[in-house]
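> Listed below are the residues making up each chain.
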Amino acid sequence: MKIAISAEGTELTDKMDTRFGRAGGFIIYDTESGKADYIDNKQNLESAQGAGIQSAKTVIDAGAEALITGNVGPKAFTALNSSKIDIYLFNGGTINDAIAAFKDGKLEKSSDANVEGHW
Amino acid sequence: MEIAVASGKGGTGKTTVSLSLATYYRDKGFKVALLDCDVEEPNANLFLNAELTEKVECKILLPKVDDSLCTGCGKCDELCEYSAIVLIKGKPLVLPEMCHSCGGCALICPEKAITEIERAIGVIEKGEKDGIKFAGGRLNIGEVLSPPLIGDVKENYPDADIRILDSPPGTSCPVIESVKHADFLILVAEPTPFGLNDLKLAAGMGEALGLPSAVVINKGGDNDRMIKEFCESVGLPVIESIPDNRTVAEKYSRGDCVSIIRENYSDKLEKITEHIRLSSRGQR
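Quick mapping for you: the protein sequence lines, in order, are chains A and B. Numbering-wise, the working numbering puts 44 at position 37 of the first sequence, and it's gapless, one number per residue. Numbering-wise, the working numbering puts 242 at position 228 of the second sequence, and it's gapless, one number per residue.
Just chain A, with the same shape it has in the complex (with noise of 0.2 Å):
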């Protein structure tokens, strides 16, 4: 399966972006194959509004059956679970880590929004 992680940098030895909607950009994994794809998040990063939305549509539009990030607000969670994307919070670490601990089944599926929406 695919999953994304939100991600500073280009590179797995990378940190993890702890924001979802204004992360610099994405890292999507394949867990079967181990390879590995950036995705740019640049245009909403600076987006005045509805950036979580948009960052929930790159994500599923890139095949994600799976995300890891640090925070994730109400209405990327409900664009998000429209998809049926289960959602991982972790935070801090390279996005090694965070897959590390995904496959080791550490991390704790979020039912919720974690943070309060921006305006």
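Please note that the accuracy of each hint is not assured.
Part of the chain A face toward chain B, derived, beta carbon under 8 Å [unchecked claim]:
| id | residue |
| --- | --- |
| 1 | LYS42 |
| 2 | ILE60 |
| 3 | ASN78 |
| 4 | SER90 |
The calculated lysine-lysine pairs, modelled on DSSO-like cross-linking and capped at a C-alpha distance of 30 Å, are [claimed, not checked]:
| id | chain 1 | residue 1 | chain 2 | residue 2 |
| --- | --- | --- | --- | --- |
| 5 | A | LYS110 | B | LYS42 |
| 6 | A | LYS9 | A | LYS91 |
| 7 | B | LYS103 | B | LYS78 |
| 8 | B | LYS143 | B | LYS194 |
| 9 | A | LYS42 | A | LYS91 |
| 10 | B | LYS140 | B | LYS214 |
| 11 | A | LYS116 | B | LYS285 |
| 12 | A | LYS91 | B | LYS89 |
| 13 | B | LYS105 | B | LYS42 |
| 14 | A | LYS91 | B | LYS78 |
| 15 | A | LYS91 | B | LYS214 |
| 16 | A | LYS42 | B | LYS105 |
| 17 | B | LYS23 | B | LYS214 |
| 18 | A | LYS9 | B | LYS265 |
| 19 | B | LYS42 | A | LYS91 |
| 20 | A | LYS9 | B | LYS105 |
| 21 | A | LYS9 | B | LYS42 |
| 22 | A | LYS49 | B | LYS265 |
| 23 | B | LYS265 | B | LYS285 |
| 24 | B | LYS143 | B | LYS69 |
| 25 | B | LYS103 | A | LYS49 |
| 26 | B | LYS73 | B | LYS42 |
| 27 | B | LYS105 | B | LYS89 |
| 28 | A | LYS116 | B | LYS105 |
| 29 | B | LYS69 | A | LYS91 |
| 30 | A | LYS42 | B | LYS140 |
| 31 | A | LYS110 | A | LYS22 |
| 32 | A | LYS116 | A | LYS49 |
| 33 | B | LYS23 | B | LYS126 |
| 34 | B | LYS42 | A | LYS49 |
Since the hints were derived computationally from the structure, they do not count as laboratory data. Cβ atoms here follow ideal geometry from the backbone N, Cα and C, with glycine treated the same way.
Go by the hints and put chain B onto chain A.
Only chain B this time, still in chain A's reference frame:
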């Protein structure tokens, strides 16, 4: 004539000045309407105490998608600036709180799969007290989009001689919706560093909107100088300074922010209204 009372910073005395002016004009024989545009924290009627005889819901339009007609073309998603309707896996998802009710998605949909439905976002309360007509908005809890409700509040009492708009604090969309068509903008300023900072923002807003504006200092005293220096530097008139006075504050805390100002500072109110009369949009 429409007089908007705004401030930038909260708590500088917008409602105090609004009510003082309303009673002053009323006493001069004008038909006065007081419109509380601070729909997120309405407080004018806490002081006016008008019996609320009418409540009307404020409704905005929201898209509704008929999935049986939608082909997933995504034109609605492309159009919407606010991501209120997004195409996810070929299906439009509506995020109601993002919607600004422009109706564009319904217009652009080639399959006519989108219709607009109504959604209540707040109420407008109306009443009258001692010859002052009152209307104020009250935004429903959890709602974030106040301008449509403010617009509805402002539709009341168009025939009043004097319409006083008690605006929300800040300089963002709700304030602009409140003040944009006013004939005169009063900025109530407080002589503190915060007050000055936010006055600068509010003065910039007034200028950008092309509104004839002037400043009334409230809780004034020795520090008025900082407000006056700024105003002089940008050519903004300072009409009056209502002194910082403990008795006013005590009265305010008991729900009477007007009588003492009306009694003790009627010369100041006269000067303010005279300035407005000579400088408002209609006069220039």
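> Hint numbers the structure violates, sorted upward?
Going through the list in order, the structure violates hints 1, 3, 5, 10, 11, 13, 15, 18, 19, 21, 22, 26, 29, 30, 33 and 34 and respects the others.
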